[in-house]
Amino acid sequence: MYELSGISYDGIPQKNRKQNQESRLIQLITDKEKIEERLRFIQSKEDFVKEMMDIMSENDQEFIMKSLIYRSAYDTNDSIGMKSSITESGVRYKINTIISRTFEEYLTKETKKGGKVEQTAG
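Residue numbers (our numbering): 250 to 371.
Since the hints were made in silico from the structure, they are not lab data.
Any given hint might turn out to be false.
[Said to hold, decoys possible] Quick list of in silico lysine to aspartate or glutamate cross-link-like pairs, EDC-like style, CA-CA up to 16 Å:
#, residue 1, residue 2
1, K299, E286
2, K358, D303
3, K343, D327
4, K299, E354
5, K343, D309
6, K315, E337
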(Lines of atoms letter the chains of each structure in order from A and count residues from 1; the text may use other names and numbers.)
(Lines give C-alpha, C1' and ligand atoms only; values in the text may rest on other atoms or scores of the structure.)
Protein backbone atom coordinates (compact mmCIF):
# COMPACT_ATOMS: atom_id res chain seq x y z
CA MET A 1 0.00 0.00 0.00
CA TYR A 2 1.13 3.52 0.76
CA GLU A 3 3.74 4.46 3.24
CA LEU A 4 3.57 7.80 4.98
CA SER A 5 7.00 8.98 5.95
CA GLY A 6 6.25 12.39 7.42
CA ILE A 7 4.11 15.48 7.32
CA SER A 8 5.44 19.00 7.48
CA TYR A 9 3.35 22.01 8.34
CA ASP A 10 4.56 25.55 8.19
CA GLY A 11 2.80 27.58 10.84
CA ILE A 12 1.42 31.01 10.11
CA PRO A 13 3.99 33.64 11.03
CA GLN A 14 3.12 35.58 14.17
CA LYS A 15 2.62 38.84 12.26
CA ASN A 16 0.04 37.33 9.91
CA ARG A 17 -1.74 35.60 12.78
CA LYS A 18 -2.16 38.94 14.53
CA GLN A 19 -3.45 40.57 11.33
CA ASN A 20 -5.88 37.69 10.85
CA GLN A 21 -7.14 38.07 14.41
CA GLU A 22 -7.58 41.81 13.97
CA SER A 23 -9.46 41.44 10.69
CA ARG A 24 -11.64 38.72 12.24
CA LEU A 25 -12.37 40.97 15.21
CA ILE A 26 -13.32 43.84 12.89
CA GLN A 27 -15.61 41.47 10.96
CA LEU A 28 -17.28 40.29 14.18
CA ILE A 29 -17.84 43.88 15.33
CA THR A 30 -19.35 44.75 11.94
CA ASP A 31 -21.61 41.68 12.09
CA LYS A 32 -22.69 42.62 15.63
CA GLU A 33 -23.62 46.15 14.49
CA LYS A 34 -25.65 44.76 11.59
CA ILE A 35 -27.48 42.37 13.92
CA GLU A 36 -28.23 45.18 16.39
CA GLU A 37 -29.55 47.37 13.56
CA ARG A 38 -31.80 44.53 12.35
CA LEU A 39 -32.99 43.96 15.92
CA ARG A 40 -33.94 47.66 16.27
CA PHE A 41 -35.83 47.44 12.96
CA ILE A 42 -37.76 44.37 14.12
CA GLN A 43 -38.50 46.01 17.48
CA SER A 44 -39.95 49.08 15.74
CA LYS A 45 -42.20 46.84 13.63
CA GLU A 46 -43.29 44.95 16.75
CA ASP A 47 -44.15 48.24 18.47
CA PHE A 48 -46.16 49.29 15.40
CA VAL A 49 -48.14 46.01 15.43
CA LYS A 50 -48.88 46.44 19.15
CA GLU A 51 -50.09 49.99 18.51
CA MET A 52 -52.32 48.79 15.67
CA MET A 53 -53.74 46.02 17.86
CA ASP A 54 -54.53 48.56 20.59
CA ILE A 55 -56.60 50.58 18.10
CA MET A 56 -58.76 47.54 17.21
CA SER A 57 -61.91 46.61 19.06
CA GLU A 58 -61.92 43.50 21.28
CA ASN A 59 -63.79 41.42 18.69
CA ASP A 60 -61.43 42.47 15.90
CA GLN A 61 -58.40 41.72 18.05
CA GLU A 62 -59.76 38.29 18.87
CA PHE A 63 -60.47 37.50 15.21
CA ILE A 64 -57.03 38.69 14.04
CA MET A 65 -55.31 36.71 16.79
CA LYS A 66 -57.28 33.60 15.86
CA SER A 67 -56.93 33.89 12.10
CA LEU A 68 -53.38 35.24 11.73
CA ILE A 69 -51.30 35.00 14.88
CA TYR A 70 -52.36 31.75 16.58
CA ARG A 71 -52.89 30.01 13.28
CA SER A 72 -51.21 26.63 12.97
CA ALA A 73 -49.33 25.51 9.88
CA TYR A 74 -52.25 23.28 8.90
CA ASP A 75 -55.03 25.85 9.30
CA THR A 76 -56.51 27.16 6.10
CA ASN A 77 -58.84 30.12 5.66
CA ASP A 78 -61.57 27.56 5.08
CA SER A 79 -61.00 25.83 8.43
CA ILE A 80 -60.80 29.18 10.21
CA GLY A 81 -64.02 30.20 8.45
CA MET A 82 -65.76 27.06 9.70
CA LYS A 83 -64.74 27.87 13.28
CA SER A 84 -66.02 31.43 12.83
CA SER A 85 -69.14 30.45 10.86
CA ILE A 86 -68.11 32.39 7.74
CA THR A 87 -66.84 31.36 4.32
CA GLU A 88 -63.20 31.17 3.24
CA SER A 89 -63.52 34.34 1.18
CA GLY A 90 -65.32 35.94 4.12
CA VAL A 91 -62.25 35.32 6.27
CA ARG A 92 -60.00 37.08 3.76
CA TYR A 93 -62.49 39.94 3.38
CA LYS A 94 -62.87 40.37 7.13
CA ILE A 95 -59.09 40.38 7.69
CA ASN A 96 -58.58 42.95 4.93
CA THR A 97 -61.45 45.09 6.22
CA ILE A 98 -60.19 45.06 9.82
CA ILE A 99 -56.63 45.91 8.81
CA SER A 100 -57.72 48.65 6.37
CA ARG A 101 -60.08 50.25 8.88
CA THR A 102 -57.48 50.11 11.65
CA PHE A 103 -54.79 51.59 9.42
CA GLU A 104 -57.13 54.42 8.40
CA GLU A 105 -57.79 55.16 12.08
CA TYR A 106 -54.04 55.13 12.74
CA LEU A 107 -53.32 57.54 9.88
CA THR A 108 -56.12 59.85 10.99
CA LYS A 109 -54.79 59.85 14.54
CA GLU A 110 -51.21 60.54 13.41
CA THR A 111 -52.14 63.39 11.08
CA LYS A 112 -54.43 65.00 13.69
CA LYS A 113 -51.64 65.20 16.22
CA GLY A 114 -49.37 66.77 13.60
CA GLY A 115 -47.12 63.79 13.10
CA LYS A 116 -45.61 62.85 9.80
CA VAL A 117 -46.41 59.46 8.39
CA GLU A 118 -43.39 57.86 6.75
CA GLN A 119 -43.83 55.61 3.78
CA THR A 120 -41.34 52.77 3.85
CA ALA A 121 -40.91 49.83 1.57
CA GLY A 122 -41.29 46.31 2.97
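| Has the given pair, K299 with E354, been kept, meaning a C-alpha gap of at most 16 Å? | holds, 14 Å
| Given the proposed pairing of K315 with E337, does the C-alpha separation stay at or below 16 Å? | Holds, at about 14 Å.
| task | Sort out whether E286 lies within 16 Å of K299, counting only the CA atoms. | result | The hint is violated at about 20 Å.
| message | Need the status of pair K358, D303: alpha-carbon distance at most 16 Å? | response | At roughly 13 Å apart (the allowed maximum being 16 Å), D303 and K358 satisfy the hint.
| Is it true that the CA of K343 sits at most 16 Å from the CA of D309? | With a Cα-Cα distance of about 9 Å, the restraint between K343 and D309 holds, given a limit of 16 Å.
| query | Taking 16 Å as the top limit, are the C-alpha atoms of K343 and D327 close enough? | reply | holds, 13 Å
Of the hints listed earlier, the one the structure fails to meet is number 1.
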